[in-house]
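A.B. asks: Chains B and P supply the protein sequences, listed in that same order. Mapping the first sequence onto our numbering, position 241 (from 1) lands on 241, and the numbers just tick up by one. Quick note, our numbering runs 1000 ahead of the 1-based positions in the second sequence.
What the hints contain is simulated information worked out from the structure, not anything from laboratory work. Predicted, not measured: the structure shown is a model, and the values here were computed from it. Beta carbons are placed, not taken as given, at the ideal position from N, Cα and C, and that holds for glycine. Hints are supplied without guarantee of correctness; some may be wrong.
Unchecked claim - In silico SDA-like cross-links for lysine to any residue, where the CA-CA straight-line distance does not exceed 20 Å:
1. B:LYS183 to P:GLY1064
2. P:LYS1096 to B:TYR198
3. B:LYS259 to P:THR1091
Stated by the list, open to error - Some but not every residue of chain B turned toward chain P, in silico, with C-beta under 10 Å:
4. VAL12
5. LEU16
6. ASP178
7. VAL211
8. VAL224
9. GLN226
10. PRO228
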Amino acid sequence: MSNTTWADGPLVQLTLVRFREFWREPEAIFWVFVFPVLLAAGLGLAFRNRPPDVLKVAAVTPELARSLRQEKLLDVERLSAPAAEEALRTGKVALLAAPGPGGAVVYRYDDTNPEGRTARMLADRAIERAAGRADPVASSDRLMREPGSRYIDFLLPGLLGMNLMGSAIWGMGFAIVDARRKKLMKRLVATPMPRHYYLLSFVLARLLLLVVEVGVLLGFGAWVFQVPVRGSIPDLAVLCVLGSLAFSALGLLIASRAKTIEAASGLMNTAMMPMWIVSGVFFSAQRFPGVLQPMIRALPLTAVIDALRANMLQGANLAQVAPQLGVLGAWLVVCFTLALKLFRWR
Amino acid sequence: MSEIALRAALRVRNLRKAYKDVVAVDGVDLEMRLGECFGLLGPNGAGKTTTIEICEGLTAADSGEVEVLGMRWNAHAKELRQRLGIQLQETQLSEKLTVMETVRLFRSFFRHGPEVAEVIALVQLDEKRKSRVGGLSGGQKQRLALACALVGDPDFLFLDEPTTGLDPQARRQLWDLIEQFKLAGRTILMTTHYMDEAERLCDRVAIMDHGKVIALGTPRELIASIGAEHLVEFSAGGAVQALDVSALRRIEGVREVRAENGSVRMQVTELHQAVPALLDELSRQGVPLTELRTHSASLEDVFVTLTGRHLRDE
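Isolated chain B (complex conformation) (with noise of 0.2 Å):
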C-alpha cells in the first residue's frame, strides 16, 4: 500500500480499461476515425466544384467559325458538313452552326439536353455580337466559389452528426452487453465497485475520445477542404458534448438489458438506421414531406447535426439553437432515466 497514487483509484483504473479496450481493437479505431474521414474525402471528392465547363460545338464555316470563337466558354471546332453531323449525332459537339438560307444562321442541338441549351444561348450570343449587336443593358459577372456554401460543408456536420451517434451507440452497447454476456459484470458487481463509477467510466472515455474523434474529422475538413467553423468553438465543444451525451444515454437504454451481442445490435441498427436516412446526414432533411418534419426535428441525429450546421456555416450561437438543445437535453434525461430503472447488472 506504499506506493498508491491517484491512478489506482476505482474511476481512474475504470477508464483506463475502457481506452485499453478500445485501443487495442483495430477495427473500432477504423470506424470511428478512419471511415468518417474517407467517407468525407470521397463524397467531397465526388461533389467538389468543377470549374465551369467549356462546351463544344461545330461550325460548318470558317465565318461562323471565327465569330463563334469570340466566345471563351465554346471550345469551336471547323467540320465538314457531314463529319459536323456525325459528330453531333455521338455527342463528341453539343452544337452545330451552319449557314442558313438569307445570311441565317441555323443551330441544331438536342434541346433536351442543358448542355445543348445552354451552347445554343452562347453561340447565339456570339454570332450576334459579331454581327454588330449592342448589349442595351451593360452588365459585368462577380463569380462566388466560397467554402461555405458547397456539399462538403454541408456534408461535414452531418458526418460529424452521425459519427457522434455511431461512436456512443455502439461504444456504450457493445461493451456493456459483452460485459454482461460474460459475466464480468457479474463479477464487478461482486466487488465493493460503486456501480455509478462503472457507468461514469464509459462516459469519461467517451467524452475524451469526442476530443480527438471531432477534432480529426473538423482538423481534415479545415485542412483539406477549407470547410470553415464560424461560430465559436466552445458552442461546438457544447453541442458535441451534448449529442454524446444524449447518444451514450440512448446507447446505455439500448444495452440495458440485452443479453446477447446479436439481439443488441438488431436494437442499436433499428435505433440508428432511420435517423441515418431521415436526420440530414447526406442531404437536407427538408426533402421529407411536411408532416413528417415535426418528428424528424424531434430525432436527437436531426437535433445535432441542424445545430452542428447552424454553428459551422452560419456562425449561430447557442441561444439560436436553443430549440436543438432543448430536443438532446429531453432524449439525454428520458433515456437516462429509463436505462438506470431498466438496467441489469447480470
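Chain P: place on chain B using the hints.
C.D. replies: Coordinates of chain P only, in the frame set by chain B:
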C-alpha cells in the same frame, strides 16, 4: 461484532430459492466455522451455485437467513464486499487487458490488500503478467480469476467450481494454491462436482441433490457412514442374469450388493476375505468373470449409496 458472532463464518438457515420452472434451493441449512474449508458437493443442477451466489449476495433468496462473518447482506453489503473474495463460475475477464492491468483494476476496488505484483506472484503468473488475458491457457485464466478474488486480502473466499474444465495438471496446480490459502487460515466455501477435489481440499462437505443437503460431515465421516471401506465391481457378461445375488450377500464382510446393467457392485469391509470368497462363489455358480475392479470407498460412493445415481451421470 462480538467474538461469538464471528466464530461462525457462515450461517444459513432454511434457505429457499425457486426459479420459474424449478426449485433450485429447497430448505438448506449450513454452518461454517472460521478457517474452515467447506465444500458443496453435488451434480450439476443440484443447487450448489444458487446457494453460493445467495451467500455471496449476488442472488436474493425467496426465504431463509444468511449471515456471513456475522453480517447480513441487507444491512452490511458494503462492508461485506470489502471482506469477501469471490470467484464465479464462467467469468470471462476482458481478453484485451493484460494480467497486470486486470489485477490492478480489481485491486482498485478494495481499501486494503496486497500489492498487485504480490498477488500475481502468489498465483504464479509472474511470467505472464504482461500477457493479454486472451492468450492465457484455461488454468492460467482460472489462476488469474483467483488472483482477482484475493486482491482484497479477503477473510472469506468463495470458489465456484474452481477447476471445472481444466486438465489434470492445471487442477493439481490450483489445488496446491487452495491448500496454501487453507494453511494461511482463510475461510473457504467452494462448490465442486469432483469427488477427489472435495476429498482432498475440504474439511467438511455437504452433499447436495435436488436443492437439498442430503449428507453433511467430514469426507471421512461420510465415507464411513456407508459402512464399507471398499467397493468391488465385476461384470459377468450375459451370465449375470443367472447369478444368484443372495448367495453373494451371504459372503463374510459384504454389506450391500447391487446388480445393474450386467455388472454387480458390492460394498465390502474386509477386502482380503471377500474377494477370494467371491471368486469361489462365482466358480461354484459357473459364472464367467469378464471384469473385476476394487477401490477404496470415496465420496462418489456415498453419493451413489444415497441417491442410486452417479454424480457424473447428470
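A.B. asks: Taking each numbered hint in turn, which are not upheld by the structure, reported in ascending numerical order?
C.D. replies: Numbers 1, 7, 8, 9 and 10 - these are the hints that the structure violates, sorted from lowest upward.
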